[in-house]
Amino acid sequence: MTQTTFTGADGLLRVFEQEDVNVVFGFPGGAVIPIYDKLYHKIQDGSILHVLPRHEQGGAHAADGYARSTGKVGVVMATSGPGAMNLVTGLATAYMDSVPMVAITGQVKTHAIGKDAFQEADTIGVTMPITKHNYLLKNACDLPDVVREAFYIARSGRPGPVLIDVPFDVSAAPCTWHDRGFSPIPGYDPPGPGDPELVRKAAEMINAAEKPILYIGGGVISSGASDLLRELAHKANICVVHTTMGKGAFPETDPLSMGMPGMHGMAYASHALQHAGLIICIGARFDDRVTGDPSKFAPEAKVIHIDVDRAEINKVRRADVGIHGDAKKVLEQLVPQVNPRQPGQWEAHLDEWRRTHPLSYNTDPEDGIAPQYIVETLGEVTGNEAIVTTEVGQNQMWACQYYKCIRPRQFLTSSGLGTMGYGFPAAIGAQLGNPDKVVVDIAGDGSIQMCIQELATAVVHKLPVKIVILNNSCLGMVRQWQDLFYEKRYSATLLTGNPDFVKLAEAYGAVGFRVERKEDVRATLEKSLEITDRPTIMDFRVPGEENVYPMIPAGKTFDDMMETAPVGV
Amino acid sequence: MKHTISAMVENKPGVLARMSGLFARRGFNIDSLAVSTTEDPRISRTTITVNGDEYTLEQICNQLAKLIDVIQVIDHTTHSYVERELCLCKVASTRENRNDVLQLCQIFRADIISVAPTNLIIQVTGDEGKIDAFVRAIGDFDILEMVRTGKILLDRDTNGTQGEKA
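Those sequence lines, one after another, are chains A and B.
So the first sequence is residues 1 to 569, counted in this note's numbering.
So the second sequence is residues 1001 to 1166, counted in this note's numbering.
Excised from the complex, chain B in its bound form (with noise of 0.2 Å):
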């Protein structure tokens, strides 16, 4: 099962490298990860999901609060929340098909952001589901090169990063 996990950690150097060294070496499998600073510039968000039951999960948030750098995980799976992915596309496009990518960036609300006389970039943004859905649709054409930033996350309800550390 996928789970989504949020670790706000203190912003410093090293602070990666501890938290993949510990999926690293206890075996867990991270699918997406994502990295960045937060209204507090002491802060910073990783948002991370793992594939695995129940057990791995509670492993992972556990090992993960060990770390000292760790001020508080977050386990999203009962909370509501609302996600974002983005995803930049290059796909293969000449003057004849042009117009049926852009029909299709239409339906999903993609964006082309550069045009080339061989290809097109598109980004697309949305939540895994939708992106999954995108890429699936485009690639009936060409697709040269993509790239997904990985999800990131923010819960509905709470305010702000303070709480109980998991």
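Okay, chain A solo, but in the shape it has when bound (with noise of 0.2 Å):
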């Protein structure tokens, strides 16, 4: 073979040309050197950055959070067996949380598929559950359309990661480059508009209703309907509650925003959509963690649901108005047929509960630093623009909870799968597709490290993502229901065996800060915002008995929630 072949390799990567694909985050082996090897000119020359992450998760990871911080699809590379196995629990977050990227992975030679050759596995049927769709490549001529497909896929309709597994010889074979476009796939069709008449009977709705509250989600912010979302709000003046997935999707300093509802959401939220009369949910999934028993679940409400996916409609909640349809584009039909309406007596109610069910945590002292003042400190020094990834946790709900966003996009978090390690390599993707921004991820001491071999990366690509590490030396949030549930019984929580987080920074070339005093918060968020070149680790010493509150008990109803400590814990 001369070098001037072309080959199935080459056809991927002029796919990813096109697709305007600039960094791909990925980790060679030998089921992919064929594709590395082709790629070794557009790294050298600069039309390609490949990020080399210290495991394929943290690659998974990075390019979920550079593909929600931008909105592009994110790439990912693995070789076959191991290399496509680390890929399945960023494959299974980016699903479960409907984001758009293409992971490609090696796979061993056509003829030795099925024979369980050296470093194979079944990496379709592995990931056909946890990825939108999943390609096996039998031809090189095959490559570009699928390559092309797949991230069409992915950004398409309810986005999701696509794979395409390419056997060695595969990638090697030579073919002949055939543009044939975009040729449609017919079992494939995103929806646009919704169904006039649906649309027409929502805002019919929306206009008689005396108790109403929009409950947004994710497809708002996938979508790009933020900007409509703000309209309607503030056209039929109906405060706005939101998922973990919908952070950021309204603007939480807006007089409007009433927060996130459920198990660890406000209080005020949680009353508001509990006790609403008419539910428009935009783009959201009724998830367990924001509704408890569905049974239960705001018995008053009519409820309106738009949303992307069909199979969402009516799954947990049944809607008096189903509307299938990209969110931005049924906000589009809906905002002028809504009519402008007043505050009234729901609306004093809302205020009422704001007023009377706020925030809370305890600011003595005496009792060390609290995690929450942690948060809101964050918020202040970054003056709520930066760009927040999170582990999972109770740090992830301190973050939730007390980390105002003001843009889409802003926010990165495992919702759907609850994946702890996502924060940090997410903070990498993001932080590369958004040089620009303060990235900052919040940690819990146990969380940081299921993907701390990152920092390497961090390091190499001189990023300065700052990871503010909320220490308690203990798996918190599954304490916290020891704590609660379990008389305590803190079976396997506890973490012994941490390591020093500054000299593991500094082993890593990164810089790191211990705190330990409430007066050296503050300053020491500011100072890791001068660091421009690295990142930085701050290792914040809070207790280890803080829990989150409020807290609704997983499956109970709103009634049985818990605002804030009971007497006695």
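None of these hints come from the bench; they were simulated from the model.
The reader is advised that the hints may include incorrect statements.
As the list claims (entries may be wrong) - One side of the interface only, derived from the structure: several residues of chain B facing chain A at Cβ under 10 Å:
1) 1043
2) 1046
3) 1055
4) 1070
Said to hold, decoys possible - What the simulated footprint calls covered on chain A by chain B, stretch by stretch (three residues with Cβ under 8 Å from a Cβ of chain B suffice, anywhere in the stretch; the number is not a length):
5) 124-134
6) 169-180
7) 184-190
Only a predicted model underlies this, so the values are computations on that prediction, with no experimental measurement involved.
Here a beta-carbon is modelled for each residue, glycine too, at the ideal position from N, C-alpha and C.
Please dock the two separately framed chains into a single complex, following the hints provided.
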């Protein structure tokens, strides 16, 4: 084979070029060497930035963070067998949160498939339930069409990860470039606007509603409907509650923002949703963390459900009007039909709840640094402008509660799958996609250790990601459940053997701070903002016994909410 | 309640795995499933019967339609259709009772397609109710082995496989 031969790998990279892919998160291996060999020139001439994570999971989360923060499709690459298997958590995370991603995995040679060859795994079989779609390529000449189709499927409709499994010999085989352009997929037709008759009905219901509430999710962000949502809320004077995925879709500093309802949501947001007469759900899916026991959730409410995925409508809560369509296009139809509305008794109730059930935490400095205070102060020093990623657990919920987001694509968290280890690699992806923005990962001491090896990746690329560790020396959220519901039997949740995070940061060439006094919190956060050429770890020592409140125990109802710590705990 | 749905799917490897994986992980129980090619070589037709309420049916249709390889999902609940199923039944039979079996087969327009010294294999086609009735009746003899294809059907009024994706 001469160097001028055009191969499957060339076809792949040419589609990358057409799809405007300029960052690839990838880890090489035997089965993807033909692709990496062609990638060499692209990396050399700077047309593609290749980011080498230290573990494929980190690569997948980084591609995910890149995608969520920029709105572009994230690209991750791994080799066959172990490489592909290490993507699984990242793919499942992206799938649950509807993140546009294309994963390219190597596969053993076609003749060896099914023979238990070295580094062979049934990647298609394994990833089928955690991808929007996947492909096993058999023919090099199909590669360009399949890759183009994959990008289209990943980003359109309800976005999601798409995986292409490429056997070694397919990427290495000579092929002729057929630019067939886009050909429609018979079984795939992402929806546009909603049925006009249903939209008219929805407008009628909104115009007649006495106790309306907007309940919005990540679909508003992915369809780019935030501006229209703001228009709708202001025009009709309807308060907005958001899911974790919807955080930032509506500015949390807006007087109409009611915050996040549900298991660890604001009590007033849960009140608002529970007692609403009309729930206008846009791009959200009545997740159990929002509804608790669905049979007792918002009993009086009629429901308008707008969703790009027809299967979400009536899945958990029956909709009185279910509109299958793209949130932005449906809002374009809906907003002009909605009448201006004056705030009334319902809004007075909402205000009252907001006043009487505020978020609160222990501010006594004797009790150590309150983690909530750290997040709140972070909001102040970053002017609510930072891109915030989180790990999963108490840190995540405090981030949701106390960091006020003002724009879409600003808050990246593993909402659906609840993946510990997501936040830091996602922050790396977000920083690469947004070099001018401050990117902060709010972490726990447990979850940061799930992907902490990516410090090397961040250092290599000189990424000034800030890691805020709310270090309580335990797996806080599980410990909280054990505390409240298992008589303090802290089975395997107290973390011993934590590293010295400051030294660890230094070992990787990052900067580390340890903060043990409340008065040092603000100064340290500010100091970290001045570091612009490497990551910073801030190890905040917080009390181990601090719990997240409010809390509605799993599967329980709004009436079982614990707004603050039970007496005696 | 029993429902029958047809899914027109792309004739590609792995499509059945996608569908069955979806049924398994979403907890849908399938009564019968028949897959075959159609008049269009690019398309296969899957006929599925499921037991469940309206909610389950709606979820199955919507979740199936979401699969990229699924072109169209048709819920036949409100349509007029013709359905058939084929059953092969091996019954123990000796010279003494062979005539009794034959008589029963005549009533059901079933065919004997294999005769062995100690058994007969009977083929019967018809809608599900007829097959059920036949199986009950032939149960008076000793059924050694039995297999049913599962239901297949066609709507009376539609033309071909084109149409809206459910």
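So, going through the hints one by one against the coordinates:
A hinted interface residue such as residue 1043 of chain B counts as satisfied when its beta carbon comes closer than 10 Å to some beta carbon of chain A; here the least separation is about 8 Å, so the hint holds. Hint on residue 1046 of chain B is violated. Least Cβ distance to chain A is approximately 13 Å, over the 10 Å limit. The closest approach between the C-beta of residue 1055 of chain B and any C-beta of chain A is roughly 7 Å, which is under the 10 Å cut-off, so the hint is satisfied. Because the closest C-beta pair between residue 1070 of chain B and chain A is about 5 Å apart, less than 10 Å, the hint holds.
Note: the stretch 124-134 of chain A has 6 residues with beta-carbon separation from chain B under 8 Å; the three-residue rule is met and the coverage holds. Under the rule that three or more residues need a Cβ within less than 8 Å of chain B, the assignment of the stretch 169-180 of chain A is violated, with 0 such residues. Note: the stretch 184-190 of chain A has 5 residues with beta-carbon separation from chain B under 8 Å; the three-residue rule is met and the coverage holds.
Hint compliance for this structure: hints 2, 6 are not met, and every other hint is.
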